[in-house]
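Same order as they appear, the protein sequences are chains U and G.
Note that numbering that gives the first Met the number 0 gives residue 214 to position 215 of the first sequence, counting from 1, and the numbers run on in steps of one.
Note that numbering that gives the first Met the number 0 gives residue 306 to position 307 of the second sequence, counting from 1, and the numbers run on in steps of one.
Keep in mind that the hints were calculated from the coordinates and are not lab data.
Bear in mind the structure is a predicted one, so any value in this text is a computation, not a measurement.
Watch out, some of these pointers could steer you wrong.
The list cannot tell twin chains apart, which means a pair is met if one copy fits it or any two copies do.
Heads up, simulated PhoX-like pairs for lysine-lysine below, C-alpha to C-alpha not over 20 angstroms straight-line [unchecked claim]:
1) Lys-71 <-> Lys-9
2) Lys-362 <-> Lys-244
3) Lys-244 <-> Lys-223
4) Lys-252 <-> Lys-263
5) Lys-431 <-> Lys-362
6) Lys-381 <-> Lys-452
Number of protein chains: 2
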Amino acid sequence: MNNKSHFNVKDERNLTMLVDFYELTMGNGYFDKGLKDKIAYFDMFFRRIPDEGGYCIMAGVEQLIHYLSNLKFTDNDIEYLRNKNTFSEEFLDYLKNFEFTCDVWAVPEGNPVFPNEPLVTVRGPVIQAQFVETMILLTINHQTLIATKAHRICSAADGRPVMEFGSRRAQGYDGAIYGARAAIIGGCNSTACTLSDRMFNIPAVGTMAHSWVQLYDTEFEAFKAWAEIYPDDCVLLIDTYNVIKSGIPNAIKVFDEILKPLGKRPLGVRIDSGDITYLTKKCRSMLDEAGYEDCSIVISNSLDEHIIKDVLDQGACIDSFGVGERLITAKSEPVFGGVYKLVALEGNSDIIPKIKISENDEKITNPGFKKIVRIFDKSSHKALADLITLRDEKINEDEPLILFNPVHTWKRKKITNYYTKDLQVQIFENGKCVYESPSVLEIKEFAKNETNKLWPEVLRFENPHTYYVDLSQNLWSLKQSLLHKYTDSYES
Amino acid sequence: MNNKSHFNVKDERNLTMLVDFYELTMGNGYFDKGLKDKIAYFDMFFRRIPDEGGYCIMAGVEQLIHYLSNLKFTDNDIEYLRNKNTFSEEFLDYLKNFEFTCDVWAVPEGNPVFPNEPLVTVRGPVIQAQFVETMILLTINHQTLIATKAHRICSAADGRPVMEFGSRRAQGYDGAIYGARAAIIGGCNSTACTLSDRMFNIPAVGTMAHSWVQLYDTEFEAFKAWAEIYPDDCVLLIDTYNVIKSGIPNAIKVFDEILKPLGKRPLGVRIDSGDITYLTKKCRSMLDEAGYEDCSIVISNSLDEHIIKDVLDQGACIDSFGVGERLITAKSEPVFGGVYKLVALEGNSDIIPKIKISENDEKITNPGFKKIVRIFDKSSHKALADLITLRDEKINEDEPLILFNPVHTWKRKKITNYYTKDLQVQIFENGKCVYESPSVLEIKEFAKNETNKLWPEVLRFENPHTYYVDLSQNLWSLKQSLLHKYTDSYES
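Chain U on its own, in the form it takes in the complex:
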């Protein structure tokens, strides 16, 4: 499989107008006030991990690049906007000749990421950097949500293959298409979504629906026909009528009468309803007794990480899982709450950090142009902590590093014998893309390697250890001074 295959298709839609209207009213405002070329810095980050989990898996950067590379307002877009009677002709003229000139940095896909880390940072004329807010959030929020959920589900499956089966219950077409992409990044082996295979070279799989069985007068005839057509990879759906009394006996009969004479072995049976633990144990023993110890049992009935863990704990005999609606919508927590906030402005020669204060403490932002440094232990190669620093800070790896909790600052930790890695990479320089996305399967492999560098305590589902994300002393001091400045101003 080759990502550069000529079979690949791209999303040809122009999504330039997929923008919250307020970005246009603000753009018109910046333009009117002569601020359009004011250089601003924005960070995209999230505040909380879904499902009370310990980590997230970054995803969506390739689609973000595609969007940023294709920003263009058509004449009809301009005419539509003119009819809103909200925008000046000068602003509409600016949009007509819009050219993206920002610098953009992002954490590459597949990296484990944590709350308050700038996953994407945009530097450029405020009117542009503001404009891309909706699509940055929409793209990264969606795919990171699904990649994270998929990683949890695949962890629960404990090495057994997981197939993504959710297209029909996804939230819209892209929910299916890009959701399947993110599910593979999170660890799924394959997808039912043919278009996602076509677009991203991720393996699409599938066998039969209940309708195939219903179409024939008897279940046996339906199975027989299938085995005749697909003798090499025969998987039968055995729960149309009754798994134990009808499905398994008919399957075994077909394996005996059709496959055996051809010298073929059956690939599997699939169960899509009923009591998974009971049915799979019973099926396993019936298959084994008939000499089909190598016939897989596939399960696909409203699964998620908790049900998978439960049925495996109960001794269910399952070889692979098809996971649908609860994966493709991240049902247990279907929102990834990424936000996009102004963090700095450029003066004549310096960077002026900006902060957003809030009555909700957790909504207070980290000011300034920053980066994320991941700190690894030199002996175990495990990730020990992330440190958010100002962009120009340097860490001398030969010296001990003091980390401290940004709220309870007396909680301090001295790190020695470590090395560091900058997480963000530049993806756009002055509006030109300077990064080539790996293939989806390469990203999946990368995600596997990088999550293996986290301690099991961070990866577990129940009460995971909170991975340390600390601020450098410089950044912490800067934040404190800005907080005091603003609260002093209206308390005085």
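Please build the complex by placing chain G on the supplied structure of chain U, with the hints as guidance.
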């Protein structure tokens, strides 16, 4: 606003390949077994209303029509499929010349719909009718989910306008674009999604983000600039620093110093964080005291129907709501579980009903080619019940109608003084579209009228009355006979 406006853009993507792979393996199988022209009937229906609600709002038919009207495999699609080494050349040739020839019936958008009702029925060659499964489910599941959630949220707002603000947290681009469309059908007044306005003529709205305020040295300067640019529809975001100590005083100062001299009134203030009840009451009294009784208070902080009902019950002073992530993802229950099942085949001259049995009772299907009849009371014009009947059954409205519970058949009810309406309409005849979708705003109005025909007991959030969906005596008897036939076959 005119739905035929030349500003409208269409989704130009070819979504033919957005299909579960098993529909292709089954298609190849039908082809191989000479069954491709076997005429089959499939029903799309759902089994349970999200959020323990009492009703759903049908949505997505316009997009379904768009998909069915544009089915086409490109040469590259065929080449991609050939490389799967799964399909016969004859089947690939069939796909290359694929022409949709099915009949399709659907419940028009905006209708209240209930469990087990065939929302979409497809009749045609089994290979085709099977192929469209994924897109029918994906399209109707998504938009019906969001329209239903929006209707709940708008009901809670009790007449106050609700704006859809969720694009950034949607599950993919279409989650935002078509989610906004469905939200309007469910009752929202406007959306932040500019592209949805462009595509469907639904009003896009928006003012400022926190970044506008942060960009200026002081909140007052930021508000002043905004009021100068937008004196006619000035809405200020007042929670960047501190609502009561900074936001409201600065807003009032700007209303006094900028708008008043121009003879303009402020439109509103928006609060996006903090204690809604406390803040809005305090804001209201401060605005009133300053002479701005007509200035609206807009709230937009992680709202849903329950929070809206709560804060209004607590006396919060709110004039309109912006609702984001919990609407656009239907967060409380983000899956609409529609399924698509084979219900009949055509013999030489008759229709052979088909059933799917299951260990889960609720997964047993209603067999046969059917229709939905809604029964209205002649005096109140309220909907009394829906009756699922075989397609050729006729109800004589001059005679009393006996309804009975399909499980507890002794629960019977005699209806008199009623009239009936068939819910499904034909949308495709022999592959040609025979239905013109109303505009989104027309559908919204229709949904409002039709839901008003339900009793308040069906519409309420907590323990709603279960709307009656019964089977005709003929359909019930048919189902029983098929159930007995199959269970007898493997019990004997």
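* Asked: When the hints from earlier in the document are held up against this structure, which numbers fail?
  -> Going through the list in order, the structure violates hint 5 alone and respects the others.
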